[in-house]
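Its first residue numbered 1, the sequence shown is counted upward by one per residue in this note's numbering.
Wrong hints could be hidden among the right ones.
[Said to hold, decoys possible] The following label-pair restraints were derived from C-beta to C-beta distances:
| # | residue 1 | residue 2 | range |
| --- | --- | --- | --- |
| 1 | 34 | 13 | 23 to 29 Å |
| 2 | 53 | 73 | 15 to 21 Å |
| 3 | 79 | 110 | 33 to 39 Å |
| 4 | 109 | 53 | 14 to 20 Å |
| 5 | 110 | 17 | 14 to 20 Å |
| 6 | 111 | 73 | 32 to 38 Å |
| 7 | 37 | 74 | 31 to 37 Å |
No lab work stands behind these hints: they were computed from the structure. Note that this is a predicted model, so its numbers are computed, not measured. C-beta: ideal position from N, C-alpha, C; glycine also.
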Amino acid sequence: MRYNKVKHDITTTINGQDYSFRYTVNGFIELEAVSGKGIMDIFSDTQNGKIPSLAFLVDAVRIGLSGEGVMMPKNEVAALVMTLARAKGFSEVVNLFFGTIAASGLLGIDASEEMLQNLGMVSAEPHKKEKNDIAAVQNRR
């Protein structure tokens with residue numbers, strides 16, 4: 001899975017096709033409505049060892065796709081989730097959910113970056129040198 005800090009999304013390949021996921025404010029509101037809990041409560045549950053249900057994760061994936069403008073029927077999303085789980089395990093579906101939250105920036109820069117790293121996500125942006133690094137190279141010439 002790859003994340004993009006500029007677009008605030010996650011991209012993963014399922015059956016040879018790239019899919020991107022992003023949560024908008026409306027997406028978070030919909031996630032809260034589906035779960036009956038606030039987003040931070042879902043995080044707390046996970047820290048206490050509770051994993052989101054498969055039904056919730058299917059909705060979370062559907063909402064993430066819609067944040068990228070992809071409107072997919074729930075039965076197709078369920079099939080996509082099953083394909084991902086069969087290929088990489090159920091934990092990859094969970095990682096997709098939490099990675100998409102982290103990429104959104106909702107947790108703040110530091111917490112988001114830490115979570116993305118802990119989930120093993122790779123940045124989709126090419127590495128850019130800082131201005132100071134560029135100046136240092138130019139001064140050596």
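Verification of the hints:
1. 34 / 13: 23 to 29 Å: Since the Cβ atoms of residue 34 and residue 13 sit about 26 Å apart, the hinted range of 23 to 29 Å holds.
2. 53 / 73: 15 to 21 Å: holds (20 Å)
3. 79 / 110: 33 to 39 Å: The hinted range 33 to 39 Å holds for residue 79 and residue 110, with Cβ atoms some 36 Å apart.
4. 109 / 53: 14 to 20 Å: 30 Å Cβ-Cβ, so the 14 to 20 Å window is violated.
5. 110 / 17: 14 to 20 Å: At roughly 33 Å between Cβ atoms, residue 17 and residue 110 fall outside 14 to 20 Å, so the hint is violated.
6. 111 / 73: 32 to 38 Å: The hinted range 32 to 38 Å holds for residue 111 and residue 73, with Cβ atoms some 34 Å apart.
7. 37 / 74: 31 to 37 Å: This hint is violated: roughly 20 Å between Cβ atoms.
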